[in-house]
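Number of protein chains: 2
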Amino acid sequence: MKIAVDATGGDHFPQNPVNGAVLAVKENDHLIIVLVGPKDQISKELSNHDYPENRIVIQDAPDIIGMDEAPAQAVRSKPHSSIVVGLGMHQKGVVDGFVSAGNTGALMAASAFILGRLDGVIRPTIATYYPTVKGFGLMIDAGANLEVKPEMLFQFGVMGNIYARDIIGIETPRIGLLNVGEEKEKGSETLKKAYALLQALPNFVGNVEGRDILAGQADVFVCDGVTGNILLKFGESIPDALKMLLMGAIKKRQLDKEQVSLVISLLEEAFAPFDYQRVGGVPFLGVNGISMVGHGSSSPAAIKNMILNAVKMAETDINKKIIASVA
Amino acid sequence: MKIAVDATGGDHFPQNPVNGAVLAVKENDHLIIVLVGPKDQISKELSNHDYPENRIVIQDAPDIIGMDEAPAQAVRSKPHSSIVVGLGMHQKGVVDGFVSAGNTGALMAASAFILGRLDGVIRPTIATYYPTVKGFGLMIDAGANLEVKPEMLFQFGVMGNIYARDIIGIETPRIGLLNVGEEKEKGSETLKKAYALLQALPNFVGNVEGRDILAGQADVFVCDGVTGNILLKFGESIPDALKMLLMGAIKKRQLDKEQVSLVISLLEEAFAPFDYQRVGGVPFLGVNGISMVGHGSSSPAAIKNMILNAVKMAETDINKKIIASVA
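For the protein sequence lines, the chains are A and B, in the order given.
For the record, in the first sequence the residue sitting at position 6 is 6 according to the working numbering, with numbers rising by one throughout.
For the record, in the second sequence the residue sitting at position 94 is 94 according to the working numbering, with numbers rising by one throughout.
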């Protein structure tokens, strides 16, 4: 099993991707990593680590795509970037998957363009983990498809179902359609038609509402990319906003140092599920290959998890199952 | 000034509407309230209160629309309900506005049907308050319009602007378009066109993202009714979800009673902005009249605030301004 890792992706490179790669090969004895990026920088960082040298190799890719570059333009103008080179290797079958903590838009564009779509998939999609009181759910689509048709929402449900079952390990994931009410006649024309299609899935639990997300009333939340993206970023903003409100409440009282630190440490613990760095990346689904993206601030452990998830996706042959399910 | 109040609306009727009406006439000396609902029930509840008797009158309306009844069906089949009778009085000019804590869908349907649209308004809309770290914002549309055109989003911005300025009292409200990114070329075709139209408002601050809502980066958040409704219910679910996560963190430690009660009381205080009962109802905008709806669990104080906001809307002649602005 060979996974290409974007060594220039994220806010802390090449340190975190290199570090994550080293952790991954130590955890999986059958894994070979190809670090893709500027050769000298990677070599230098690798020299700080102890690792089985035959299991981490370097593929030079000197161009760097910044986190804020316009995606399509970046992919077109930088053929020697880690994203284009790494996905190209995957497309040629040299590696079994590609993971990155880099520019999500560029990765999405390059994955669709270089790997292509799976047979029968209307549009590739991106899923994201979402914290709930029960652990987390999968929100799909998280921003790849801003205009959707009912058939696309149906396919998001199908792909999310397979990912939640085979990669996350939920035996029978509850698939919910995000909507304005529970009843099947609720919602826009698109949502009503999507409901009818999703009923073909035995584990479809019907419409779920905004209040059902944090409450964990589904394992897979199906929605369009505008709703998913707004909810994704909204979720990320909850801890800071509530800390600010809580600090306001704390300031109004005469609390001693010990009390303040108790409250803050409890908060940190309660908010841990909202810490996206703990999650090991999220998949592009529906592309003809294995491509995952992590948060820009991914820690080495998060990158390691993302690599191991990519291995799992390749080993379980997730794309074959998707093709069969959308057929 | 005469306002009709739905005495059967909400989870606690006729107590809370009657109580709210009594509070309102005591606060505003020039106000007359018409309590609309089953005469005997209202009389009985009123007899528990001390109030200026010539300023609260009863209009009998024996039918009761339940909180969960299908809106259009309820309005059609119950002509003697408080909603249909009260809005009918308003349409005939007998009262200057109608407020209710009842079935939102029925109110919306009846308001549009009985009062009609304002000249130039494509579709009436419903706005909602949204808690932020800076106080609150106005989210518009909150669930009335599930399919939107760019021109409708533009009008939501125009109406939200006038409401935020003249009723909430924000001198120059920042109008933001909820989108997947800040740049003007972001979003669906509908959102891109709405952006172009909204630029006509001097106080349009451009696209805002999911993370900007709780952070209070706009005073008016313009969106379609699916997004708004999902975010509205999501917001309402935050306190309970986080209390649950925090209780989990508390249970893992050996805390004494005093420490637990400190944490809980701080939380209650921090979460106060999320308490929708504190808000005095939200308006239907774009209908040819004044129609407001409050949360089903509205307290007497919330109903009083809603009544006084309806007075403000009538006094400032908000609808004349809306007609002028959309022309």
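Think of the hints as simulated: they come from the structure by calculation, not from any bench.
Please note: incorrect hints may appear among the correct ones.
As the list makes no split between identical chains, a pair holds if one copy fits it or if it spans any two.
Here are the simulated lysine-lysine pairs, BS3-like style, with alpha carbons at most 30 Å apart [as the list claims (entries may be wrong)]:
1. Lys243 to Lys192
2. Lys92 to Lys134
3. Lys44 to Lys233
4. Lys251 to Lys184
5. Lys39 to Lys26
6. Lys252 to Lys312
7. Lys2 to Lys184
8. Lys134 to Lys252
9. Lys233 to Lys184
10. Lys134 to Lys257
11. Lys92 to Lys184
12. Lys252 to Lys320
13. Lys192 to Lys149
14. Lys44 to Lys134
15. Lys257 to Lys321
16. Lys257 to Lys186
17. Lys26 to Lys2
18. Lys243 to Lys134
19. Lys26 to Lys193
20. Lys320 to Lys257
21. Lys243 to Lys44
22. Lys233 to Lys186
23. Lys243 to Lys149
Here's how the hints hold up against the structure:
no. : hint             : result
1   : Lys243 to Lys192 : neither (38 Å within a copy, 34 Å between copies)
2   : Lys92 to Lys134  : neither (41 Å within a copy, 53 Å between copies)
3   : Lys44 to Lys233  : neither (35 Å within a copy, 51 Å between copies)
4   : Lys251 to Lys184 : neither (47 Å within a copy, 39 Å between copies)
5   : Lys39 to Lys26   : within (22 Å within a copy, 78 Å between copies)
6   : Lys252 to Lys312 : neither (51 Å within a copy, 33 Å between copies)
7   : Lys2 to Lys184   : neither (45 Å within a copy, 40 Å between copies)
8   : Lys134 to Lys252 : between (33 Å within a copy, 16 Å between copies)
9   : Lys233 to Lys184 : both (28 Å within a copy, 18 Å between copies)
10  : Lys134 to Lys257 : between (32 Å within a copy, 26 Å between copies)
11  : Lys92 to Lys184  : neither (45 Å within a copy, 37 Å between copies)
12  : Lys252 to Lys320 : neither (59 Å within a copy, 43 Å between copies)
13  : Lys192 to Lys149 : both (11 Å within a copy, 19 Å between copies)
14  : Lys44 to Lys134  : neither (42 Å within a copy, 47 Å between copies)
15  : Lys257 to Lys321 : neither (56 Å within a copy, 53 Å between copies)
16  : Lys257 to Lys186 : neither (51 Å within a copy, 46 Å between copies)
17  : Lys26 to Lys2    : within (14 Å within a copy, 77 Å between copies)
18  : Lys243 to Lys134 : both (22 Å within a copy, 13 Å between copies)
19  : Lys26 to Lys193  : neither (48 Å within a copy, 52 Å between copies)
20  : Lys320 to Lys257 : neither (57 Å within a copy, 56 Å between copies)
21  : Lys243 to Lys44  : neither (40 Å within a copy, 47 Å between copies)
22  : Lys233 to Lys186 : both (26 Å within a copy, 15 Å between copies)
23  : Lys243 to Lys149 : neither (39 Å within a copy, 37 Å between copies)
Going down the numbered hints, you'll see the structure goes against 1, 2, 3, 4, 6, 7, 11, 12, 14, 15, 16, 19, 20, 21, 23, while the others check out.
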